[in-house]
Amino acid sequence: MSKAKYSQVQLQPGGQSQSQLLQPLEYESMEGLLDDVRAEDGSIKPQWSYLLSTLRDIGPEVMREREQKARRILRDDGATYNIYGNDGSPSSSWELDPVPNVIGSEDWANIEAGLLERSELFNLVLRDLYGPRTLLRHGALPPEALFSHGGFLRACQGITLPGEHELILHAVDMVRLKDGSMCVLSDRTQSPSGAGYVLENRTVMSRVFPSLFRDSHVHRLASFYQRLRLKLVSLSPSADVPLVVLLTPGVQSENYFEHAYLANHLGFPLVQSGDLMVRNGYLWMKSLDGLKRVDVVMRRVDDIFCDPVELRSDSQLGVPGLLEVVRTGRVVLANPLGSGVLENPILLKYLPKISELLLGREPRLSSAKTYWCGDDEDLQFVKANIRQLIIKPAHRGSGISSVWGGSLSDEEINLLLTAIHTKRYHYVAQERLEKSHIPSFVAGALEPRPTILRTFSVATDNSYMALPGGLTRIGTAPHGRVISMQSGSPSKDTWVTASEPERIVDADLALEIAQAAQASPLLSLPSRVVENLYWMGRYAERAEGSLRLLRTVFVLLNGEERVSPNARRILLQAVTQITATAPGFINASEELLANPDVELLRIIIDSGTAGSIKSTLNSMISSADESKELLSTDTMRVINDLRDALEGLDIELAAGLTSAPEESLDPLVTALVALSGLMQESMIRGIGWRFMELGKRIERALQTINTIRSLMTTVTGEGDQSTLLTALLVSMEVLITYRRRGRVRRGIELGLELVLLDSSNPRSLIFQLERLQQHLDQLPKSVPDTGELEEEGRALLEAMTSLQLSRVPQLLETQSETREELDNRLHQLDKLLKDFNRFVSDKHFDHRSDPQQLVTTFWGEQ
Amino acid sequence: MLFRVKHITRYKYAQRVTRCYNIAHIIPRDTARQKCMSNQVSISPQPTTTMHRGDYFGNNAYHFEIQNPHTELVITAESDIQIGDHDIELDLDLAASYGEVLEHLREMISPDTVEAREFLLNSPMIECSEALEDYARPSFQSGRSLKVCVSDLTSRIFNDFAYDPNFTTIATPLASVLEHKRGVCQDFAHLQIGCLRSMGIPAKYVSGYIETLPKPGEKKLVGVDATHAWIAYFSPNEGWVEYDPTNNTAANRQHIVTAFGRDYLDVTPVKGVIFGGGDSPLLEVSVDVKRLESR
Chain W
46 MSKAKYSQVQ LQPGGQSQSQ LLQPLEYESM EGLLDDVRAE DGSIKPQWSY LLSTLRDIGP
106 EVMREREQKA RRILRDDGAT YNIYGNDGSP SSSWELDPVP NVIGSEDWAN IEAGLLERSE
166 LFNLVLRDLY GPRTLLRHGA LPPEALFSHG GFLRACQGIT LPGEHELILH AVDMVRLKDG
226 SMCVLSDRTQ SPSGAGYVLE NRTVMSRVFP SLFRDSHVHR LASFYQRLRL KLVSLSPSAD
286 VPLVVLLTPG VQSENYFEHA YLANHLGFPL VQSGDLMVRN GYLWMKSLDG LKRVDVVMRR
346 VDDIFCDPVE LRSDSQLGVP GLLEVVRTGR VVLANPLGSG VLENPILLKY LPKISELLLG
406 REPRLSSAKT YWCGDDEDLQ FVKANIRQLI IKPAHRGSGI SSVWGGSLSD EEINLLLTAI
466 HTKRYHYVAQ ERLEKSHIPS FVAGALEPRP TILRTFSVAT DNSYMALPGG LTRIGTAPHG
526 RVISMQSGSP SKDTWVTASE PERIVDADLA LEIAQAAQAS PLLSLPSRVV ENLYWMGRYA
586 ERAEGSLRLL RTVFVLLNGE ERVSPNARRI LLQAVTQITA TAPGFINASE ELLANPDVEL
646 LRIIIDSGTA GSIKSTLNSM ISSADESKEL LSTDTMRVIN DLRDALEGLD IELAAGLTSA
706 PEESLDPLVT ALVALSGLMQ ESMIRGIGWR FMELGKRIER ALQTINTIRS LMTTVTGEGD
766 QSTLLTALLV SMEVLITYRR RGRVRRGIEL GLELVLLDSS NPRSLIFQLE RLQQHLDQLP
826 KSVPDTGELE EEGRALLEAM TSLQLSRVPQ LLETQSETRE ELDNRLHQLD KLLKDFNRFV
886 SDKHFDHRSD PQQLVTTFWG EQ
Chain B
8 MLFRVKHITR YKYAQRVTRC YNIAHIIPRD TARQKCMSNQ VSISPQPTTT MHRGDYFGNN
68 AYHFEIQNPH TELVITAESD IQIGDHDIEL DLDLAASYGE VLEHLREMIS PDTVEAREFL
128 LNSPMIECSE ALEDYARPSF QSGRSLKVCV SDLTSRIFND FAYDPNFTTI ATPLASVLEH
188 KRGVCQDFAH LQIGCLRSMG IPAKYVSGYI ETLPKPGEKK LVGVDATHAW IAYFSPNEGW
248 VEYDPTNNTA ANRQHIVTAF GRDYLDVTPV KGVIFGGGDS PLLEVSVDVK RLESR
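These protein sequences, in sequence, are chains W and B.
All you need for the numbering used here is the position in the first sequence, starting with 1, plus 45.
All you need for the numbering used here is the position in the second sequence, starting with 1, plus 7.
Looking at chain B on its own, in the form it has when it is part of the complex (with noise of 0.2 Å):
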């Protein structure tokens, strides 16, 4: 399946931006399950430099400076992806237990399993606490299919948790997500990543975009998708899974991923230091994902 994905982003700011250096993680990377076939991005005002280059976690990083003073910032990210076609529907009770997962972990040191440890440890904004374990640990048994586990976990996490946009911002800890129950897509993958970091298995944060399927009878309406969040754990048999507790569901055809990292930090789509601007910048997003064909 071809999708095309437009993401805008826009800075309103009070006062004029004399000059930035910004970093966006705005183009899609390929994956096992994806392959990004083109992609373009315009940014205005016009910036004085570009660099598109592959970070650490192998995301794209998109550089740029802008040295002319503005007070508005726009940028424009249109790509095209390829998405492996079924969806990944797997059964379940096959996979390698929990126990064994641990076990191979701990011993193995082929190249994916020494990477993957580094996926284990605490993240600026993930720290494993026992009140995750806690939380975590009814849905772990160490005779049964991790994958069985995981899917657990999404459907509680799924359940338990209320999607409440106007609880937390980017500064939210997930101590606080975690006793009120209530966060967004960001908040949901942070707290399953720390509830399997807790668990003994190595968990990384998804960015992506999702896409929305109009209700039946309806037309769908431009911008109306979003960029979203989930999260991808790695068993030494399987390599990385997906799995979307905003959705209660493993990720599928309509999960478009830009980028992999700890948490998201590593790959916020628009950072970076302006000189000038005044105090709080309006930020729009808009997003549209439109499949181009079906196969």
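Okay, chain W solo, but in the shape it has when bound (with noise of 0.2 Å):
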């Protein structure tokens, strides 16, 4: 590539000239890089030539088109990888170059064998050291590099699963080497991240090059997947139907859409450590209908969070108890605790010895070659090259970072030497391997970039099974060293080309599928999933019902018709009330009611004012958050839409508001009522709908009853009554019936019965109600029917029938400047109504007290 070439693109990212657009797509080595396109003769390799020629003919035009396909498929399924900034605000999408990385058949199976095998190795290593440690004995591993690592948990001594592995998932990344072999850089084997992401990387590749994915005969995914599923259903110690579950740390995590696309994809809920509990020495997970049995785990969680009673003390993310009842076997979790000593670089330095002394042979798969500093030679090699090495932690969690000598300053080196001294058994020193580049579509063009492959392989019955793909990470510039999720490195589709067709279905295989799945349970939902969709529907309502109201008082105080100070006042005090940002415009000064923009404009964009539009907006997200995996993909673009929304709205507002700030609001509504009518038209009517409406109801209701005392108990004037009445009836959408219907009669009795006593209006207080008794009979009963009104029940009867009792007239008659009648009724209705929440609320979702440590100590570095 010309240099000339390069900078024409970075300076002119959108538009290109004419001449350019035609130009076809491609792909050229850059000079003193190792490539894998290119043999060493010069010709393409055969494996890219098909797709390089492709992509030729698809030209940058198109190629951007489909790059710009892939990122809306990607941002529609809500693929993100999280990295939380410092304001705790997740800067998040998922990165897919769409350019795959192709691997040929010959080549993947030489690979595959290597992985194969390395997971068998992996296996009985990790068998030894938590049983005899022969290893140690045989002096294949000095008792230092086990003994002093922070993945070795002693509490785990002894631990096995059912049948043949200890080791389930097992994730190797690696890098291909001059001479075209693959060499090992790492083990993940506590909770390897990525499969989930290979499947939605493929997913959106094979729709976005529907016929060039066809064409290249791309060996399929999914029986990984099943095989995945079958392992961890076959681990279950129980005769009974199988519940598994997967066990995600939370949406804090940088991996949670992963969790919620595998849980789904697997069929296994998601849980937080919160919906498990330990009782009666089984794991259970809380769910509507009461504990359920769990019987394996696939954990997302790194095993020393597991359990605060022997594991870490101050974790968060574990479950009391939990080791315990791993150590009895009635519930088996993969992979299994204390297998994050895998991941000690220190193995790769004795690999060759462990597998000679395991399996009788040094393994096919090449190691980086690694230095030990608790090794005396090692460490004198160390202090001598450090420059030309990259220095490690032996564990992860150590509190240590990995650094490339070559970047350190003389003074930083001294630092480094001091800290390798004093914790010499801490660190691993690694030769930094040049990486193999493929191309890359950057900027319209096909550019080389570094690339490491991360490949899976899965236990089955009695070996293991490989996923013929993986997740291949690019370096963000050529030569690029660091290549990770967490610094931002986009991914790749792999694809791994068949020699010869697939056979579509293997038949053992779909046989064992059709088992599991007929021996599959309903998904049960654990409560906090269901309580997470029940403050959806109430954020989202509570949204929707400020930005109406909102709207409807920009529109008054901004419209021809002048609006008297006394109703001003009426107005931007219900909006303080509505949106609970008190003290606001309640007895607020004629100044700031006279310039109320500052405080509006507060009430709107403030995220740090609990109840402003965009923290309540923002709680909605973060709900949704929590029960994606139950949320449609239609769903999630509408979710997506309203961050964007969100996003628009702080740089229309950058300034202030604006002339028409109602307008500046129009699509956030236009949002909420789409998602609104997703979920009266596409969720399933499941228990989690019906929690969902409930929260709905129940602010809605809440909101109605709300705003007609803000609106309506004050009496006043004609003029300003008028007014009000139009507030009222604008921001519940229902001016157009009043008027109609006002043909005959008009006022204040006929607009508080349209928006009190009329079943017909779906925004009446009376139709919520109804709704909240259909939802009401319709949720699962804790204990056996009486007959008797259960409490919730009782307060809603009441709420009821205290309206349906309730007549206008007599509500609106008053002899002094309030409506007392009108204002004690919404208030009965107001309390009842809460009542009502709080019992429903008491009795279906769980309310835990955090556990604490019953002896203060402090965990040490190991």
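Since no wrong hints were added, every one of them can be taken at face value.
Ranges between beta-carbon positions, derived for each pair:
id	chain 1	residue 1	chain 2	residue 2	range
1	W	R406	B	E140	42 to 48 Å
2	B	N75	W	P628	45 to 51 Å
3	B	S287	W	P628	35 to 41 Å
4	W	K223	B	M58	51 to 57 Å
Don't read these hints as lab results, they were simulated from the structure.
We put the beta carbon where it would ideally sit given N, CA and C, even for glycine.
Hints in hand, dock the two standalone chains.
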């Protein structure tokens, strides 16, 4: 590639000249870079030729479109890799490069054989380290290499899994060397991440490049996930239909998208620590219909955090008492607790020796040359060559970070050497491998990027199966040293090409899958997920109600007809009341009421003000994240629209309220209406939907009461009355009905009847109460039905009766400045509904107190 | 000699504890010089599950889970322990020298030695330091019998450090104990272990009980005994040898071992997680060591 062309592309990323559009998309290797595309003689390797010629024909412009399409699909699927910044806000989007990494079938056969062997070997090592430790006795591994490692969990001694294997899921990061062979950089054996992203990448690529994908004869991935599922199910210690759950640290986890995605794909409930508890020596999931016994946990929580009783005592991500249940074999964790010990890079140094001892031969797959500072000779070597080496921690949790010696100043080198000297067992060094480059689509051109491949293998009955593919990650620049998801490296789909047409279905596997599917229990939900749906419903409704009122107030205040100071005050106070952002306009000075913009702006976009539109929507979005696995793709898309609309609002209102601020709020209202429509139209009428509806109806009922109280309980003059009534009717979307019916009769009586008692108005209070009653009837009953009403039923019935017995003219009668009858009645309804809400949440949601340590000690570095 | 040890641990909570999960190291283990003949643990309120197992270090770990709400937890462990009869009075000068031991540790890969090397490393509560090494060095000469070296170190700690139950808590770091020269048995044990490891000698933490004898003419009071802590060091020829820096003695027949570990954290008498309970639970411990027979 010529320098000129490169800079031209950079300068004009968006608008390319016509001549460039017609240019084919060519890939040229860069001088001095290790490149996977060309063979030594300069010819293009066969596995790359079809892809590159197709891309050439596609051209840069179409490629851009495909890239956009891929980005859209990822966004709609909610594919994120959360990197939490200092302000706690996630900056996240899963980056997929549209050019796949292609691996030929013969090449793959070698890699695969090496992988399977490595998994077998690591499995034996794991069994030995928590068992007889013959590796130490035979001198294959120095005791300090094991005993000083933070991943060696003494509490896990002797734990074994049913079946042949201890290591269930194994991921290996590797790079391609100059000679074309693969070399391992590290192993992931705790709770390897990436397998879900692989699936998502594949889904996107097959949609974006349907014909290229079809014609490339790419190995399918599905059977790997089916194997994984079968293996997990087979680990169950119980004879009953097993309950397998996927344990995630929660939405804050950088891989949360993947956890939800895998849980859905595998058909396992996604749980967090608070959803589980140990009782009577078993592990249970708290679901709406009581405790469900858990048989197998696919864990995505690091082992050290899994049980505050025996492991890290300050962990909030684990389940107290879990390890003891594991020990008795009543629940199985995969990968087993303690398996993080295999991620110790010191093992790489001794692997040939270990392999000799356990397998009788050296491993096929080589590992990066690794030096351990705990070894005298290695320490001398590291000291002498520190600038040519990558210095790494032996244990990732030790607070030591990896560093490339070549990038350090003399002073930093001295500091590092001192640190190594005091904790020599905790440091390893690795040679820096030149990474092979492959084509990637960058700013409209194909450019070489350094590559790391993460492969996966899963234990089957008596051997391992490799995922035919993997997660390819690329550097952000040629020669890039750091390639990690944390540093924002893009990913690629990995295409292993099949030499012969694949058998679509493996007959044995199909049978097993059919049997397993038959045995699958209905998916029960952790009550946390349901509670989050409930809150999602409430927050969405709260935001919508607040937005409607704000919009109405803006229109009235900025409208042609003059609003009296009195009406103005009542309107603004209603805004404070409905958004619960007091003091705000309550008891406000004349000056504030005359210049309300700053306060209104705060009520809209200040995320630090609880009750503001932004804060309510943020809460809604995080509730949605917590129950992500139950939301449809369309719903996720609308939620993404909301995210975007919120960002847009920030920009639009950055300089203060605009002349027609109600227009800025429109996109939010539109998105919320779409969301509410989706809930009605595309959600299964299960328990989740019911609770979301329940939340929505309760919120709407409370908002209606609140709005009427704010606007209608003060007695005002004729003109103000009309303004306030209009505000009420507009914000509740019934002005048109009112006008139509008003041909016969007008005024506050008709207005109140519409919003309180008209069952045909879906925004009326009575409508909400009727819906609440319907939902209540369908909720799971905790005790046998005795015919006696439970307390939430009583509260609702009382509210309903009180409302139905109301006569609007009576409510409006008053001798004073306020309509006391109306106010009292609404106050009573408000209280009854809040009681109802409390009874329902107490009964169905889990309000646990946080655990604490009996003895407060501290956990040292180990 | 047969001892009966009654160890009562009582927690009083400010608020109700709705459930709890605990591990106790309160049942004495077997060692080269003692055997636990019988033991009984009773817990109030009644646990929903209990489990007694051998842990990584070969100690008795007792797990229990309580699901009944309670404001008081009482754990009573009663054990009969037979202890070898003679006090271990050894000829200090015949044992291997410090220098020889260091060499053996490096070269031998007998299972014992391999295992002992675990106790050379830092552990959660004990980190080797130059300060520890500086303090320990005067006791260690390459040609001197290791036993004499350790005995000397034990005496020095006994003489240099003040026993002061008000100075330290579980969380007091070793450096602070060394600086202020005061602490309790647990601190002295950690200190001596840190010294030994800094000098290249594997050392472990021993938790247990010590029988206190009444002054002549006085009657022994029930419950005055205490949980105690001391150390054991390893030499390839003699195995593990126990010393008590708090009392300036090699462990004798008044020392009853409960558990071995790298430090206190491995053998905490009662630990766990409680739900509820409020702030600062009140802890009372009473230990009674009684001789059942002297032969």
